[in-house]
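Novice: Each chain, written out:
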Amino acid sequence: MKTGNIRDYLYESPGPRTRKRIRIITGIALLGLLVLLGLIVLQFSVTGQFDAKYWSFFTKWTTWRFLGQGLLTTLEAALTGSAISFTLGFLLMRGKFQGKLIRGISTFLIEFTRGVPTLLFIYFFFLVVPKTGWKPSAFWKITLPCAISACGVVAEALRSGVNAVPGGQREAALSLGLSERRTFYRIVFPQAFRFVIPSLIAELVIVLKDTTFAYVVSCADLMQNAKVLISNYDAMLSIYLVVAVIYILINYLLNTLSERIAGSQRRGIQTIPGTNKGVAAHG
Amino acid sequence: MGFTDLLSKYGEQYFQALLTTWRLTAISFAGAFIIGILITVARVSPIRPLRIFGDIYVQIFRNIPGAALLILLVYALPYLQIVFSYDLCVTAATILIPSAFCSEHLMSGMNTISPGQIEAARSLGLTFLQMIRRIIIPQALRSSVLPLTNLLVATMLTTSLASQVPMRPRDLTGIVSYINTHDTGGVMAFVISAILYCLTAFVIGKAGSLVDRKVRILR
Amino acid sequence: MKHLIRTISVLTALLFAFSAFMTACAEEPQAVAIDKEAFDALIASGPVAGDDVIAASAWAAKVKEAGVLRVGGTRTSFLFSQLDETDNGLRGFDAGLYQLLAKYILGDQSKFELTQVTSSTRESVLTEDQVDAVFATYSITPSRQEVISFAGPYYTSRQAILIKAGNSEITGLESLAGKVVATQAGSTGPAILAEYAPEADVQEFEDDIQARTAVEQGRADAYVTDYTLILNSLVKNPGVYAIAGDVFGPEDNYGIGLPKDSDGVAFVNEFLKTIEADGTWAKLWQISLGDRTGLDTAPEAPAIAD
Chain A
1 MKTGNIRDYL
11 YESPGPRTRK
21 RIRIITGIAL
31 LGLLVLLGLI
41 VLQFSVTGQF
51 DAKYWSFFTK
61 WTTWRFLGQG
71 LLTTLEAALT
81 GSAISFTLGF
91 LLMRGKFQGK
101 LIRGISTFLI
111 EFTRGVPTLL
121 FIYFFFLVVP
131 KTGWKPSAFW
141 KITLPCAISA
151 CGVVAEALRS
161 GVNAVPGGQR
171 EAALSLGLSE
181 RRTFYRIVFP
191 QAFRFVIPSL
201 IAELVIVLKD
211 TTFAYVVSCA
221 DLMQNAKVLI
231 SNYDAMLSIY
241 LVVAVIYILI
251 NYLLNTLSER
261 IAGSQRRGIQ
271 TIPGTNKGVA
281 AHG
Chain B
1 MGFTDLLSKY
11 GEQYFQALLT
21 TWRLTAISFA
31 GAFIIGILIT
41 VARVSPIRPL
51 RIFGDIYVQI
61 FRNIPGAALL
71 ILLVYALPYL
81 QIVFSYDLCV
91 TAATILIPSA
101 FCSEHLMSGM
111 NTISPGQIEA
121 ARSLGLTFLQ
131 MIRRIIIPQA
141 LRSSVLPLTN
151 LLVATMLTTS
161 LASQVPMRPR
171 DLTGIVSYIN
181 THDTGGVMAF
191 VISAILYCLT
201 AFVIGKAGSL
211 VDRKVRILR
Chain C
1 MKHLIRTISV
11 LTALLFAFSA
21 FMTACAEEPQ
31 AVAIDKEAFD
41 ALIASGPVAG
51 DDVIAASAWA
61 AKVKEAGVLR
71 VGGTRTSFLF
81 SQLDETDNGL
91 RGFDAGLYQL
101 LAKYILGDQS
111 KFELTQVTSS
121 TRESVLTEDQ
131 VDAVFATYSI
141 TPSRQEVISF
151 AGPYYTSRQA
161 ILIKAGNSEI
171 TGLESLAGKV
181 VATQAGSTGP
191 AILAEYAPEA
201 DVQEFEDDIQ
211 ARTAVEQGRA
221 DAYVTDYTLI
231 LNSLVKNPGV
241 YAIAGDVFGP
251 EDNYGIGLPK
261 DSDGVAFVNE
271 FLKTIEADGT
281 WAKLWQISLG
291 DRTGLDTAPE
301 APAIAD
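Chains as they are written, first to last, in this note's numbering: chain A, 1 to 283; chain B, 1 to 219; chain C, 1 to 306.
Across the chosen pairs, the derived CB separations fall in these ranges:
1. Q81(B) - L295(C): 30 to 38 Å
2. Q81(B) - P136(A): 41 to 49 Å
3. P136(A) - A305(C): 31 to 39 Å
From the structure, some residues in chain B lie toward chain C, with a derived Cβ separation under 7 Å:
4. Y75
5. P78
6. V83
7. P166
Keep in mind the hints are simulated off the structure, nothing from the lab. Each residue gets a CB set at the ideal place from its N, CA and C atoms; glycine is no exception.
Just chain A, with the same shape it has in the complex:
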């Protein structure tokens, strides 16, 4: 059974004429890209963006240390937010398997958190919550809204994972005399969880991107520290570019991790539930 990327099948090894044609088009495309890059660099230098004052502070290690501190807070917020959203998502997912009323409430909450933008939740925590008397710190004012916004998606991902576990597993467990509860927690959920790890990591990426709005609530994360540097050195573009690249790299790393894990699952490594032994699936 052939697997894999459709890219491999779209065309066979090209013959000499096609190879020549491809080389020509490749050459033109490369030239085009280089010209575009050259123009961008030219424009930036014409408008003075390559002046020393916009870049010299990057040679100071204190700049990087400061950015690093912001990055740490960002990661902290993202991880904490994800952890909270997993917990809430888990509860909501369980809710969908219960009786009518709880199922209705869970469904409503899931749709609500999926349908409302994170920024709106952030503004809610920023502008409305303090007036009610509860005064969370800036850290929680960004972490909680991001967590709430993500928990709906997490709930749905967990639910699809649970549904993907073969029904036979549950039936077998029940016929062996395990209670519903034990069946779920010892047999079904561990397998479900494994299925959804890639989507959960993808959700972590989304939460991380949402934390960039921490400047709205004045929390000292990477973006906010960037603003301090911008104000100190009067250099907006260079700093935002570097910060954007940092975010892209981190998210890229997380996504690659997620794909690795998904890939290893597709290759069929399954664990016997309850043990640490792995059994390679048949070919």
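Fit chains B and C to the known structure of chain A by using the hints.
Specialist: Then chains B and C, alone, in the frame of chain A:
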């Protein structure tokens, strides 16, 4: 502030905000969709620079935070002598980011097409572009209806970026911020916007399920 | 993974090399940075209140007992309170004042905790008792005085119009009609513009640098803000901006935010009078504002309202 007070004072603005959000969502999704298809074609084309360009494009725009992209569009482009209006900047951001995800969904949709079809097409003598147009894209689209519906909802959520620049008219998120800083909006202001967002998402979801049921390819 | 680490290292190395190259090629720009040693020395030599003075004020006694002065302020106001990431120091006119106040009450200028505030949260942090005082270029207005109390004023300023150098269309307030005018959200800018240039199309920005960049890039025709901030922009970026017309608008009095009807008002006013009398205020002004806006003579400290 009570519901009726809010409506009487800001009802008009809420309506404008709703239309703004809808408009941004529709235009951005259309743009993201078209660009998504183009990028996907680039990613499977035989021209290596295009494939690399497509892959890098997707990696950049699915991993960059919306706030960072918007700031770069608003403040970096003018140094390239390109000054977009705020509306255009927000639209650009809400097109670029979903376009990367659209391409990812289409690639997954493509992988559901059995390679046997491609081989059959090639043996029939179809060219690359013909294959794309007649075999790959139609099937990829039909398999991707649900993820694309989710993408439409995600695009709507991304339009909340409009609240971060002085864009007029405001969108549904911007208006909550405005009401709460210039007046005492309270929970109600937030709830109205939230409900409007949710209803839109709900309608989109239902419509998406309907379309999916109609065009889904049963294998 | 290896591939990625290699890419990251290459990128970082390139960035370093690029920055070093740029620095080597060009001259280090004229430092408009604050004179750190002078600032730190001035704060260190500030007055300390006697125990009886502190005991007489419930607000001050509370701060003394807590052992730390909780301040609401900012880290990104270049002239008034800017965080220097190289040594974690907060410097500026406002920063100098709250550090002097910390020294005044607690004997040690470093015993303060800064909570970042924005124009939307300046009042709520006081009413919710999250901070003891707010130093944030906080203009005294009657509507704010309904919710909190102000000590001072400790500084006054008026508004001015910043334009791009070479813009001959805008020559003063009247020519703002129909033009796009930037201002800072939450400041007194919007209200002042509504009164003095009602025909202007007002755009609110989150901070000073975004508003200035908007003018530089042509998104806005003018930027109306505090005269001192404008002077600083002119000094930091010679030839880029210009001032249109004269200073205008009412005397904008900056005060120190305190909880409503707190006796801290009298206490802080005493503190202000002390540092004004012994010349500390003038020296602070010179170091944080005068030197960076090209002015030599400190103005008269504003009369304290009490």
